[in-house]
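*Asks:* Residue numbers (the working numbering), protein chains in the order written: chain Y, 5 to 311; chain X, 35 to 193.
Mixed in with the good hints, there may be bad ones.
Partial chain X-side listing against chain Y, Cβ under 7 Å, derived [claimed, not checked]: (1) Y125; (2) T149; (3) C150; (4) I151; (5) R156; (6) E157; (7) V160; (8) Y177; (9) G179; (10) I181.
No lab work stands behind these hints, which were simulated from the structure alone.
From the three backbone atoms N, C-alpha and C, an ideal C-beta is built for every residue, glycine too.
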Amino acid sequence: MGFRGRDVISILDFTRGDLEELFGLADYFSSNRRSYKLLEDYVVALAFFEPSTRTRLSFETAAKLLGAKVIGFTSEEGTSLAKGETFADTIRMLDGYADMIVVRHKNEGAALYAAEIAEHPVINAGDGKQHHPTQAMLDLFTIWKLFNKVDGLVYAVVGDLRYGRAASSFIYGLTLFEPEKVYLVSPPLLRARPEVVRVLKEKGVKYEEKRSVEEVIGEIDVMYVTRVQKERFPDPLEYERVKGSYRITLKLLEKAKDHMKILHPLPRVDEIDPEVDSTRHAAYFTQARFGVPVRMALLSLIVGVKP
Amino acid sequence: MSPEKASLTVSKIRDGTVIDHIPAGKALAVLRILSITGKEGLRTAVLMNVESRKLGRKDIIKIENRELSSKEVNAIALVAPTATINIIRNYVVHKKLRVEVPDDIVGILKCPNPTCITNKPREHVVSRFKVASRSPLVLQCVYCGTIIREDEVEKLLMA
Ligand SMILES: Nc1ncnc2c1ncn2[C@@H]1O[C@H](COP(=O)(O)OP(=O)(O)OP(=O)(O)O)[C@@H](O)[C@H]1O
Ligand SMILES: [Mg+2]
Ligand SMILES: [Zn+2]
Numbered sequence: 005m006g007f008r009g010r011d012v013i014s015i016l017d018f019t020r021g022d023l024e025e026l027f028g029l030a031d032y033f034s035s036n037r038r039s040y041k042l043l044e045d046y047v048v049a050l051a052f053f054e055p056s057t058r059t060r061l062s063f064e065t066a067a068k069l070l071g072a073k074v075i076g077f078t079s080e081e082g083t084s085l086a087k088g089e090t091f092a093d094t095i096r097m098l099d100g101y102a103d104m105i106v107v108r109h110k111n112e113g114a115a116l117y118a119a120e121i122a123e124h125p126v127i128n129a130g131d132g133k134q135h136h137p138t139q140a141m142l143d144l145f146t147i148w149k150l151f152n153k154v155d156g157l158v159y160a161v162v163g164d165l166r167y168g169r170a171a172s173s174f175i176y177g178l179t180l181f182e183p184e185k186v187y188l189v190s191p192p193l194l195r196a197r198p199e200v201v202r203v204l205k206e207k208g209v210k211y212e213e214k215r216s217v218e219e220v221i222g223e224i225d226v227m228y229v230t231r232v233q234k235e236r237f238p239d240p241l242e243y244e245r246v247k248g249s250y251r252i253t254l255k256l257l258e259k260a261k262d263h264m265k266i267l268h269p270l271p272r273v274d275e276i277d278p279e280v281d282s283t284r285h286a287a288y289f290t291q292a293r294f295g296v297p298v299r300m301a302l303l304s305l306i307v308g309v310k311p
Numbered sequence: 035m036s037p038e039k040a041s042l043t044v045s046k047i048r049d050g051t052v053i054d055h056i057p058a059g060k061a062l063a064v065l066r067i068l069s070i071t072g073k074e075g076l077r078t079a080v081l082m083n084v085e086s087r088k089l090g091r092k093d094i095i096k097i098e099n100r101e102l103s104s105k106e107v108n109a110i111a112l113v114a115p116t117a118t119i120n121i122i123r124n125y126v127v128h129k130k131l132r133v134e135v136p137d138d139i140v141g142i143l144k145c146p147n148p149t150c151i152t153n154k155p156r157e158h159v160v161s162r163f164k165v166a167s168r169s170p171l172v173l174q175c176v177y178c179g180t181i182i183r184e185d186e187v188e189k190l191l192m193a
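The following block holds chain Y by itself, in its conformation from the complex (with noise of 0.2 Å):
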């Protein structure tokens, strides 16, 4: 289908073939880093109605790379919203003067109600807990990267697989290729939401849900990490009782694999222990390096142009 002209809500609204073509401009790009003026006449909103740092200037540094004007806000404070302006009527104004409309909100759905109002482009940065496609398609261009395929491999997302759009859009990135098998590793109360579950059954992704990284730690060549919050537990006592299932530790890695690589969205708090990043294992970095050529490369394809 390709990604001219389109709305990005979903990572699901894509095809692996679709990725594949995202992932060679990226590498591109990657490798060829210096500005370019392919997106000289475009101008780029940033409208994030919730704050960012690494996606918001990962996309922003991504605009000015390709040569766009970059407008935009971060957050609802100093907007017209904060005088009561619906989300809906900013929207109008933004597709008045942008030719791309990158939105991040804390409502599920605020990005399709977006593109359903604009007539341009527009790209999801993170609606609510539901979808966080751009940070997918770096994650698996991470991975296709490291590994030269996504295929074939062995996955444990692990963390608040409930709460988290990063984790439940890397799951459903996961479902366009052919995972050997995928780990749902969380607490009981954080468990993927049922709409998530029912896309791997769809397309008959082997997976299994298991309640700590130890159980499956020597089986793995991927470990998506994200973070499980406090607040997310009624009880605090329960919080306590299972944080420690959830921390990566040197003793930890003792058990895995040497080719394991982990990942994390970031930002991190205490869920991976600062000691990990000097092991083979860590490519949080690397990942989070690959934000800005992956949205140079999806901003290209939407406008159509190459370089």
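We have chain Y already, so just place chain X with the ligands on it with the hints.
*Replies:* What follows is chain X with the ligands alone, placed relative to chain Y:
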């Protein structure tokens, strides 16, 4: 009158709609889907828990002077998949329709996810569900992905 003959008699309607074979107890939910509150002034008979050969017990609704659109007819399937719609013209059954859950369910159900964009009152987003499975019935919110099952549908009907 002999006991076997005892029945609830409702005078015949000239023109209108008879919704027959509604699962017992679901008539009021069907009226909600049709937005019939009684305030419209339509002469309406609601029979509940009457004997039925096919269903054991069933509900029936008879509405005078209103023919249902096919959109309304299909929405009824959300709570009464067994219903048959009889369009009455000049006292006789003019047309008999079966109900089928539509592929898109627009503006009928409230999404149970409180943080779904469709539940932000000031944005006026019309709720929309698509059918993920017909039997058993599984619906999915197009906006937030939330899945709802057959037994949850009735309590999510918008007033
Ligand atoms: N003029 C009318 N006024 C009120 N109710 C009517 C009228 N004509 C038919 N009905 C009712 O509409 C329903 C369908 O009528 P019909 O004569 O088709 O019965 P049926 O053969 O039992 O149909 P079915 O096979 O759907 O059960 C019945 O419940 C009947 O009582
Ligand atoms: Mg009959
Ligand atoms: Zn919803």
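*Asks:* Now look at each hint and say whether the structure bears it out.
*Replies:* Hint check:
| no. | hint | verdict |
| --- | --- | --- |
| 1 | Y125 | violated, 47 Å |
| 2 | T149 | holds, 5 Å |
| 3 | C150 | holds, 5 Å |
| 4 | I151 | holds, 4 Å |
| 5 | R156 | holds, 6 Å |
| 6 | E157 | holds, 6 Å |
| 7 | V160 | violated, 10 Å |
| 8 | Y177 | holds, 3 Å |
| 9 | G179 | holds, 4 Å |
| 10 | I181 | holds, 5 Å |
When the structure is compared with the earlier hints, violations turn up for hints 1 and 7 and for no others.
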